[in-house]
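Enquirer: Chains as they are written, first to last, in our numbering: chain X, 497 to 840; chain G, 497 to 840; chain V, 497 to 840; chain D, 497 to 840.
If you're looking for bench data, these hints aren't it; they were derived computationally from the structure. It is possible that part of the hints are untrue.
Any copy will do: because identical chains look the same in the list, a pair fits if it lies in one copy or spans two.
[Unchecked claim] Here are the simulated SDA-like pairs of lysine to any residue, each with C-alpha atoms no more than 25 Å apart in a straight line:
(1) Lys558 <-> Ala657
(2) Lys558 <-> Asp543
(3) Lys558 <-> Arg730
(4) Lys558 <-> Pro662
(5) Lys558 <-> Ala767
(6) Lys771 <-> Gln575
(7) Lys539 <-> Pro502
(8) Lys771 <-> Gly553
(9) Lys539 <-> Gly680
(10) Lys771 <-> Gly814
(11) Lys539 <-> Glu773
(12) Lys771 <-> Asp586
(13) Lys558 <-> Thr503
(14) Lys771 <-> Gly680
(15) Lys539 <-> Ala668
(16) Lys771 <-> Arg651
(17) Lys539 <-> Leu581
Here's the letter readout for the chains.
There are 4 protein chains.
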Amino acid sequence: MTTDTPTQLGMIGLGRMGANLARRLLRDGHRCVVYDLNESAVKELEDEGAVAAGSLGDLVAKLERPRAAWLMLPAAVVQPTLDQLTELLDPDDTVIDGGNSYYRDDIIRAAQLAPRRIHYLDCGTSGGVWGLERGYCLMIGGETEPVARLDPIFRTIAPGAGAAEPTPSRRANGTAPDGYLHCGPSGAGHFVKMVHNGIEYGMMGAIAEGLSIIEHADAGHRKHTADAETAPLREPEFYRYEIDIGQVAEVWRRGSVVGSWLVDLTADALARSPKLEEFTGRVSDSGEGRWTVLAAVDEGVPAAVITTALTERFQSRGLGEFADKLLSAMRSEFGGHAEKRSRS
Amino acid sequence: MTTDTPTQLGMIGLGRMGANLARRLLRDGHRCVVYDLNESAVKELEDEGAVAAGSLGDLVAKLERPRAAWLMLPAAVVQPTLDQLTELLDPDDTVIDGGNSYYRDDIIRAAQLAPRRIHYLDCGTSGGVWGLERGYCLMIGGETEPVARLDPIFRTIAPGAGAAEPTPSRRANGTAPDGYLHCGPSGAGHFVKMVHNGIEYGMMGAIAEGLSIIEHADAGHRKHTADAETAPLREPEFYRYEIDIGQVAEVWRRGSVVGSWLVDLTADALARSPKLEEFTGRVSDSGEGRWTVLAAVDEGVPAAVITTALTERFQSRGLGEFADKLLSAMRSEFGGHAEKRSRS
Amino acid sequence: MTTDTPTQLGMIGLGRMGANLARRLLRDGHRCVVYDLNESAVKELEDEGAVAAGSLGDLVAKLERPRAAWLMLPAAVVQPTLDQLTELLDPDDTVIDGGNSYYRDDIIRAAQLAPRRIHYLDCGTSGGVWGLERGYCLMIGGETEPVARLDPIFRTIAPGAGAAEPTPSRRANGTAPDGYLHCGPSGAGHFVKMVHNGIEYGMMGAIAEGLSIIEHADAGHRKHTADAETAPLREPEFYRYEIDIGQVAEVWRRGSVVGSWLVDLTADALARSPKLEEFTGRVSDSGEGRWTVLAAVDEGVPAAVITTALTERFQSRGLGEFADKLLSAMRSEFGGHAEKRSRS
Amino acid sequence: MTTDTPTQLGMIGLGRMGANLARRLLRDGHRCVVYDLNESAVKELEDEGAVAAGSLGDLVAKLERPRAAWLMLPAAVVQPTLDQLTELLDPDDTVIDGGNSYYRDDIIRAAQLAPRRIHYLDCGTSGGVWGLERGYCLMIGGETEPVARLDPIFRTIAPGAGAAEPTPSRRANGTAPDGYLHCGPSGAGHFVKMVHNGIEYGMMGAIAEGLSIIEHADAGHRKHTADAETAPLREPEFYRYEIDIGQVAEVWRRGSVVGSWLVDLTADALARSPKLEEFTGRVSDSGEGRWTVLAAVDEGVPAAVITTALTERFQSRGLGEFADKLLSAMRSEFGGHAEKRSRS
């Protein structure tokens, strides 16, 4: 992945993602000026070859013009940092927001910076904790010129063409086979990343549900009481399997249609913890899934699978409790059904 | 509701439903022979004018031929009772299963009884604890002749035409406007009742979700922490309502498009318990909802709303926990996301 | 429904809803000044006792202060009409938006009118073409004082307590049993109406799916070809019913748990057109269903049933076609599956 | 993939899958006796080194005892072929059903063959048209002894460990890392394959929906008419992207969380046909998706994502039309809404 044109980047935010992005750039010969409120994070990267900055102003001062500064921050911190940073930048400098901002904010921010001739790029960055080695998939939005100028940076961060077999029917064009793509004007990068995460919700939901169905294929072994409130299993003889879902996830990794990185990760998780006892099953959602659903509704595109996956996450956190109480109340009203306390 | 042709019926099973069916028949001048394993239930109805039976054989002996015996039993008890009863019956006698049996069992049972010339009717019975006063909606399956013969019984049990305004475009025909209907051959009654309950699940789910959305319209008042794991509410100023959903359910009872018995019951439940603290929200499903989904899948009919309502009930009982743990495990693998413990 | 305090109202927009609201007020002794771009609509109501207005200015001039003007207009026309109207009004006058505006617009509009001391009420109005006789269910948002002042108007428009049996557990309080409710500050009325419509989507979806399952209970009679692309019906002997769903809808109107105005209407539709040949099944959505889903996502309330019902409407209009093509393309890639042209 | 212990197999059914399984075995040095009703298919494989059989009896005669015969047939043909074949086999012979049979049939068939001491294995086989080169993922059910005996066959057909990186946390055990797995007793193989396909439905649905949301990100460019029946796009300025989804699918192939074989195939399909004009979007379902949903309902496992994906396929084939007509009919009843003919 060695690049012919080493260049420079300021990295603001040295959490897991930001630090690894800087490392990947350093390893490929680029110059990185790094800054974080956490001084030990700065020190650690300085030891790995980065130029340490003690403040936003210091970072700006240590970059040559036209500068490029990459924000890798929690969504809620982006705006105040950006406000402070833009006061320090000059015309033709570029800010890249690599976090999970809402694409609508990108449109608004780019418009606000335009009169000062500061470029604003939004860059959806996928890869998680594995990106340092595997590279990060980059979905970029913004003006064409600064995107082109920063091509060596994106190329280094991205996985590169070798990370997958070539697509058989594809003619060579563009950077997508290298794992980064200029998707369109401001917001387009985060829009594509947002939908990417929505798809991720759906794929994860499908995998989790399916493995749960296999895990419960022993339902015919369990005792069920006969009462008016619980449907007994009609044909228990067809549910008498004890199948090791860790082995199942592993076998699906090769040759099957569901083969995917998410199945790889599931196989790894189950290899470590076959019964997943350390998890409670409260599944967070960090915005992109919700925004994907909002976009689907606005566009009038039926997205039942993705929407359902989001709803399952809400359910997992107990957010359906009040509606469930209403159901119990209605049942109590019309049938005198007392709630059952044990699982069935 | 006084009938011109009083007749006789044996009632087997004097739970809430069976006892009230017998009462409704007695009040309208029919002769009822009643039996239950619980002797005090038998005694209670004897005091109200029924003929008490001490055993199935006694019940059969006290009915004139051709006999008619109505089973009002939990699904799991129907088959053994039926086996015992049919040994005691004569050709041209009729058994009515008024419970919530699976319609496929009706088809099988009717075929088994046919060689002995015993009639078997399946009768879906809706009305809950309110049926004694309101009457029961009856959905009947089986041969035409015994259905016709028992018409005075069905007519008395059903609500009668006065229970609702006439349907404007309807020409007078059949018994449906009186609240009972011969739906078709064996199983047709329970098939229609099964789907009725599936619809009930969907309607209940819609009402419960909607009221929950209104209950949570104060979301903008709540504090949210800014972190990478929780999507903050973007425009809290639009979620600052404290709306009394008990009043809302009440106002919808008159003139609105969602006006329905379920909304009536919801209004009553909320009048009694505005915050529903006595419910935990574990919602049972007693078979018909599941069977409705199985039928939809077999027929290839998309029934997303009903299916979703069933799934919500599963979720309410914690049956999605293993899948949720898998989701948390996957998230932990690719993003190092630790689960959040508190609700968000 | 005769009121003790007849009062006056200006009605702007004399479509089906607006004209019938005016009629209901006139019949109860209120004075109505009416206006519409369509002069014949104005003339028709003048013949029924209303005061005709030739322009917005004329309408304002013919109302005594403090005035009250009710807008009953398509959502897209509300804002320009309101802009024009408020130029003509005086402090302490009230505008009521009785249409299906987005509740967020109510919040914005009320804030814009506040400096001029013009009151703005939002009033969700349910009842459709039947409201003239049945009355309209009213869900009102805005300041307390103008809501109280207009109580005689709301009381006349609403169905009144006689439209349903009293809720057994309810203590007498408020106006909800009369069919109108002050739900909260600006936007609260349309918020409740929005969710009402979301619930309506879910209830309609459940009823439609259920009746479709019954309609297709003859699936076992149909021929299926055996090929690798279509799952044959495994047990056709359980799907051999020809059930008249018009009769089913009718029987459910009395005593059943799904009894509701929507089932009443369904029974009427099927009485008129048993096979519904005149409909193509392209189901519109007019905003409230989408907004309900957006609110549920914002609040983090799982609303799977309502969301699914919305998605089904999108599907009914062919909006899923591109995603379906992608599915066919994927299947073609991995399995060489050619698409099937006929239904199965 | 060269094996140390070449062995023999009879292959019955030389369609796309069966022929390629035979080829894969031949290439690895195994002896294959092949049979199909289509003589040219037999001839073609004979030319590639297989032993041709002219009938089931001939195939049986040409195999050494204990024999092993693999059925690769459409689901509907399995039973009659099996009936004929078992008449010809001897004790300790083995039949493998490699097709997509319902796992319940496996349980029944194995029980029927047990008295004759003929082994019956069910083997879910995933890989599609790509399996010849990539290998097939095998999910096997049945007795331990014949599974062990046929290990060299399974090993050759499977992709082998080299097809994916090792799972980091996994200790070496079993054959799953080689791409084949003995899942449990009879039916367990097809049960796991069934759920695999259910997951596939969900993953495909998520990908298709997501790409459709991106494809429609230009919704703000389209004209919308303002009427009471269509919700206008509220903020068109946020939907003005023209994003090339073929490039998006390609970029997701490297480094992203949604990276998967299905995304690889989607990228290939879009490289060939960017607008997918040759597809109509009628998506078949061949049984496993339905059966997965039935299992989830029987087990009481919420599988909303997979179920929704199945429902979308039903919708894509117009199977929701009757329910949609009912919705239109209801809307017409309560609101006088005429259906809209054009898409919106």
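Enquirer: Treating 25 Å as the Cα threshold, decide for Lys558 and Thr503: within, between, both or neither.
Expert: Within one copy only: 13 Å inside, 70 Å across.
Enquirer: First find the shortest C-alpha distance between Lys558 and Ala657 inside one copy, then the shortest across copies, and answer within, between, both or neither for a cut-off of 25 Å.
Expert: Answer is neither: 33 Å inside a copy and 49 Å across each miss the 25 Å cutoff.
Enquirer: Between copies, within a copy, both or neither: which fits Lys558 and Ala767 at Cα up to 25 Å?
Expert: neither (46 Å within a copy, 44 Å between copies)
Enquirer: 25 Å Cα cut-off: does Lys539 pair with Pro502 within a copy, between copies, both or neither?
Expert: Result: close within a single copy only, 23 Å intra versus 60 Å inter.
Enquirer: Is it within, between, both, or neither for Lys539 and Ala668, if the alpha carbons may be no more than 25 Å apart?
Expert: Cα proximity of Lys539 and Ala668: none, with 42 Å in one copy and 40 Å across.
Enquirer: Tell me, please, which holds for Lys558 and Asp543 at an alpha-carbon limit of 25 Å: within, between, both or neither?
Expert: within (17 Å within a copy, 71 Å between copies)
Enquirer: Cα distance capped at 25 Å. Does Lys558 pair with Arg730 within a copy, between copies, both, or neither?
Expert: So Lys558 and Arg730 fail the 25 Å test inside a copy (72 Å) and across (35 Å) alike.
Enquirer: If the cutoff is 25 Å on CA atoms, where do Lys771 and Gly814 land: within, between, both or neither? Let me know, please.
Expert: Classified as both; 22 Å inside a copy, 16 Å across copies.
Enquirer: At 25 Å max between alpha carbons, let me know whether Lys771 reaches Arg651 within a copy, between copies, both or neither.
Expert: Neither: 40 Å inside a copy, 28 Å across copies.
Enquirer: I want to check one pair: Lys539 and Gly680. Are their C-alpha atoms no more than 25 Å apart within a copy, between two copies, both, or neither?
Expert: neither (36 Å within a copy, 54 Å between copies)
Enquirer: Between Lys771 and Asp586, at a C-alpha cutoff of 25 Å, which is it: within one copy, between copies, both, or neither?
Expert: For Lys771 and Asp586, neither the intra-copy (55 Å) nor the inter-copy (43 Å) Cα distance is at most 25 Å.
Enquirer: When no copy is named, should Lys539 and Glu773 be tagged within, between, both, or neither for a Cα gap of at most 25 Å?
Expert: neither (37 Å within a copy, 54 Å between copies)
Consistency note: the structure conflicts with the earlier hints numbered 1, 3, 4, 5, 6, 8, 9, 11, 12, 15 and 16.
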